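Sequences are here, hints too, so could you generate the full structure?
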Amino acid sequence: MSSPLWSLVKREISVVLRSQSEFVYPLAFFIIVTSLFPLAVTPDPVQLAFLAPGIIWVAALLSILLSLNGFYQADYEEGGLEQLLLAGVPGSSIVIAKSAANWLVTGLPLVMIAPLIGVLFNIDMQANWVAMLSLLLGTPTLCLIGSIGMCLTLGLRNGGVLLTLLVLPLFIPVLIFGASAVQAASIGLDYSGQLAILGALLILSIILAPHAGAAAMKISID
Amino acid sequence: MYFQSFKEFIEMGGHGFYVWLCYGVVLSGLVSYFIYSKQLAKRNQRNLIKFYKRMDARSQLNANNQLNANNEAQ
Amino acid sequence: MWTWFYQLASPKWFYQFSNKLLPWFRAATFILFAAGLALGLLFSPLDYQQGNTVRILYIHVPAAFLSMFVYVLMALSGGIGFIWRIKMAHIVSVSCAPIGAIFTLLALITGAIWGKPTWGTYWVWDARLTSFLILLFLYLGFMALHNAFDDRKTADRAAAILALVGLVNIPIIHFSVEWWNSLHQGATISKFEKPSMDADMLKALLTMIVAFQVYFVTVLLQRVKAEILLREKLSGWVKKLVTNQ
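Taken in order, these protein sequences are the chains called A, B and C.
If you read the first sequence in this note's numbering, its first letter stands for residue 1, the second for the next number, and so on.
If you read the second sequence in this note's numbering, its first letter stands for residue 1001, the second for the next number, and so on.
If you read the third sequence in this note's numbering, its first letter stands for residue 2001, the second for the next number, and so on.
What the hints contain is simulated information worked out from the structure, not anything from laboratory work.
Remember, it's a predicted structure, so these values are computed and weren't measured experimentally.
Incorrect hints may have been included.
[What the hints assert, rightly or not] Below 30 Å or equal to it, Euclidean Cα-Cα: the simulated DSS-like pairs (lysine-lysine) are: (1) K1042/B / K2203/C; (2) K2240/C / K2012/C; (3) K218/A / K2087/C; (4) K1053/B / K2203/C; (5) K1050/B / K2087/C; (6) K2087/C / K2203/C; (7) K2233/C / K1038/B; (8) K1053/B / K2116/C; (9) K2153/C / K1038/B; (10) K2012/C / K1050/B; (11) K2240/C / K1050/B; (12) K2087/C / K1042/B; (13) K1007/B / K2203/C; (14) K2153/C / K218/A; (15) K1038/B / K2116/C.
Dropping the structure here:
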């Protein structure tokens, strides 16, 4: 990894960690939302195990959506983002750095917590492993796609709701393949295809999202 | 023609409700949007006439103010 | 060729050009719809499985086809406007969005109504219906984003990026939904599964598709005209045009 990019990532992480404890919210959200489902649907272990892949994935997706704002809004409003761009840092590296930081601060902890939720939902070891793997491959994609939406809505007053509308339809493929990998694993089917597609989506979004995000960022800042 | 009588045409072999509901929704949707989009240009023109009147009035006012200011200065 | 291209990019020229075209397109829309409705409702045979409900096909399929076609047009003209900074391309792109959303909505509604006699319920999470639901969300996102900006130029450029991102995503979304559906639905009877279409049916369907296309161009030109007036209100020719009437 080139060192300028790494220092950018470190900058992003330090920016977010500085702003009190907001970065913990998405994780707390993930745990609380998943624990609501047994209360709302059923405490029956068999049914919960059946629903678990979908619940874990939807909750992870919403947590990532919730975490995006922290990486952009304050930085934009305080002018740090504009300074970076004025200093000649390419917009695409900023997007990559922010997504990487976002993933390290939110995505990676989600991957770590997921097996715990899996145990609460009574899914077996194998499926738990696959849940981790699928989140490991899927959450960075969500961060990257989310960053495009975030860049588009940077300067807007009520960008939060709009961001949801813009980004959720684009999350659908990741959700479908992520949840189905876990589901396949939990009933003992082959799940390598779904994981391969998640990997392909990740590569595609690493290639394309920084450019789209950089173009959007330029519009928002001009 | 694939229908023997008008009644048969309306009934559509028992599926009349669904077929006519679909055609009704689509045609009324398309027709009303057609009319709406046709009116849009006209509505904008009417609004623009008001806009230009306001603009002209304002520039007239500005010119008068300028004149008064010049007179006072002299 | 190039002078034509430059003319097309000039709002004034486009306004006058569409004024000249519009009467023809309106007449063509009317005639084609009359012909298509007659062919579809009266002069096409029943389907051996679905009976008369197959007549919904003649409006459902064109609406579905147009909703995708309009999205591609919207994204491409938005992209052209973004790259070469052509005002006219953005105007076309922005005018496409509500029309495309309406086609998508109509495709969804007709699909759901069709589902009742075919599947027994109004809504099935069928791959096609689901894809169109997502397409509707994409259209709504485009319009919401464009509305959210105060400055038109910023709005145009941001919305164009969103449309292009959506364009890349549509095949992926479609593929994933198809795959998901085949996983969960097993063998559903597809509404369009038939070895070969009757010639009369095909004639009716093609006429309707052309009718929808011509209708789309007509409505698009009408919207574009209205949009040009709004955006060019400070240029002399619009003022002349409006006040001289």
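Verification of the hints:
1. K1042/B / K2203/C: 37 Å, violated
2. K2240/C / K2012/C: 12 Å, holds
3. K218/A / K2087/C: 19 Å, holds
4. K1053/B / K2203/C: Roughly 54 Å separates the two Cα atoms, so the pair is violated.
5. K1050/B / K2087/C: Since the Cα atoms of K1050/B and K2087/C sit roughly 25 Å apart, the hinted pair holds (cutoff 30 Å).
6. K2087/C / K2203/C: Status violated; Cα separation ~39 Å.
7. K2233/C / K1038/B: Distance ~19 Å between K2233/C and K1038/B Cα, so the pair holds.
8. K1053/B / K2116/C: Violated. K1053/B to K2116/C sits at ~56 Å, over the 30 Å cutoff.
9. K2153/C / K1038/B: 25 Å, holds
10. K2012/C / K1050/B: 21 Å, holds
11. K2240/C / K1050/B: 14 Å, holds
12. K2087/C / K1042/B: 22 Å, holds
13. K1007/B / K2203/C: With Cα atoms ~25 Å apart, K1007/B and K2203/C stay inside 30 Å; holds.
14. K2153/C / K218/A: Given pair K2153/C, K218/A holds - Cα atoms ~13 Å apart, limit 30 Å.
15. K1038/B / K2116/C: 35 Å, violated
When held up to the earlier numbered hints, the structure conflicts with 1, 4, 6, 8 and 15 and fits the remainder.
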